[in-house]
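The listed protein sequences correspond, in order, to chains A and B. Under numbering that gives the first Met the number 0, the first residue of the first sequence is numbered 0, with each subsequent residue one higher. Under numbering that gives the first Met the number 0, the first residue of the second sequence is numbered 0, with each subsequent residue one higher.
Just so you know, these hints were derived from the structure itself, not from any lab. One thing to keep in mind: the hints can contain errors.
[What the hints assert, rightly or not] Here are the computed lysine-lysine pairs in the DSSO-like style, where the Cα-Cα straight-line distance is at most 27 Å:
1. Lys185/A x Lys88/B
2. Lys95/A x Lys108/A
3. Lys108/A x Lys88/B
4. Lys100/B x Lys95/A
5. Lys97/B x Lys95/A
6. Lys108/A x Lys97/B
7. Lys88/B x Lys100/B
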Amino acid sequence: MSMELILFYVLGGGALAFAAAMLLPNVGRNPIHSALSLVGSLFCLAGLYALLSAHLLSALQIIVYAGAVMVLFTFVIMLLNLQPDEIQPVRLTAIKVIAGIIGLFVFGKLITAITLATGGAQSVDLTPYAGKLEGNEWKTLTAGGYENYGTIRTVGRMLYSTFLVPFELVSVLLLVAAVGAVVLAKRSLHYIDQPEPPPAKLNRLANKPEAAPAHDDHGHH
Amino acid sequence: MTAIPLGHLLILAAALFTLGMIGVMTRRNVLVMLMSIEVMLNAVNLTLVAFSRYNGWTEGHVLAFFIIAVAAAEAAVGLAMVLAVFRLKQTVYVDELKLLKR
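Okay, chain B solo, but in the shape it has when bound (with noise of 0.2 Å):
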């Protein structure tokens, strides 16, 4: 029999979610933050993926599918606005972005 134990798996995947929740408290570069939000929603996948295929469904994969969308559009307005910061600020990094701050 061929079989993952599926605490291995969920396992993975916090672990995954906790190293991008680490990145995005500690690291200030933006750009390195929007990666971590990316692996945090790859962890989720993962959760997804796994259970889906631990009952047998698909319904997994579909919400899967869709988390993969949502992350491409937040990927491209992310990116567009750390551009657009960066023409009006000439930097990327977060503890010098305080216009609201005085």
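Chain A with its partners taken away, still in its complex shape (with noise of 0.2 Å):
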């Protein structure tokens, strides 16, 4: 067993393990425990992509998504700031094991498709200069050949180059959802003409009704 072999296992099993462990119900109930368990899947994954000789994306899966994303997931945790009394516990209803089923059933099904499919593949030769060269336009545009595979220089050109157009679009798109996450997380619009003077608390987030209590909707129903 090479060694590639044996960090593909360590990776991927650790990404399978962090993933199912932010879903089960004592290490998942409260979210950030969740969310740490989701940084470790995602850290396996990027060991994943460098293992794969995804370098440009081993990095963007640290930076944007270990690091950009997540902070963000912990900072609404922690704004939220969830009472443990309010944190419920993860309950057993038939409903969640009819979507079990379902999910093994899906699981199976790729399962299958995937010996099928993959019955005379080869395995995924991790040697450098591997992968089929001739008729990809790919020659011409990395001048030194395999050795740039994956790296930002190969990426980027193609960015660049081949998907200028969907790269400016996603551009346009990431402005448009930073604008929007600003439009709905902002208290109210009219905030602006007649500031109010900020609430005593700001743990519960401000705002709420005086009238109703917080917990006056849980139990009734």
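Assemble the dimeric complex from its two separately framed chains, guided by the hints.
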């Protein structure tokens, strides 16, 4: 068993274990524990990308996912400031059992499709200069051949040549998402015209109606 | 020869995708549901990278890059919606959000 194969099984098993720990009722009961296990899973996936020579994606996975997105998640979890009595225990209901069965069924179907489709496939060759060289326009784009496979140079050239229009559209999408997030998370739109004094306790995200206590709509249904 | 069987990579991605799907369907905490969606997107990314390496292409890396960008946008908008809903209802559990139900 080669070193790469051992690394693959360790990282893959780690990714699966962390993702499963995210969903377990006792670990994932508190959202911050779920977020931390998701960070572990994302790091394992970044290692897998590095193993598959996707250097740029491996770095992006850590910077964007484990960095930006997960920091956003933890910020929101801490901003919500859920008290221990507000975190509900995970209950096992019939609909969840059905959902689990459906999930396992889909997994079985995926396994069947993969084993059928990769019946004659070879392994992913991890030696340098692997891959099919003939018939790719890649050879002309990457002057150095496949030693640059998956690096910033190769992927960046492709982003700015073949995929230029989608790349610019993605930048517009990110701008729209940022504006939308600000608009959605704003307290109220006429806050600008009539600045209201900040509430005394900011820990409940303010301006809930004074008449209804927070826990009143939990029990009576 | 150092090689990973392609089927093993795809099965790992399928297992991750299934875990994310089960998470979306069974967990009722909207934050954990959003995280499960991230897991599903990552499983798709792993498939793209595996096939790219198998074929020696780079298009899969570009597509995975786009998926990462879309996932970041989705997380930002989704979490803003969670904040807005929490301000209205003081809950993060989707079972208690039934304004349209009666």
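Checked hints:
no., hint, in the structure
1, Lys185/A x Lys88/B, "16 Å, holds"
2, Lys95/A x Lys108/A, "20 Å, holds"
3, Lys108/A x Lys88/B, "39 Å, violated"
4, Lys100/B x Lys95/A, "20 Å, holds"
5, Lys97/B x Lys95/A, "19 Å, holds"
6, Lys108/A x Lys97/B, "34 Å, violated"
7, Lys88/B x Lys100/B, "15 Å, holds"
In terms of the numbered hints stated before, the structure departs from hints 3, 6, listed from lowest to highest.
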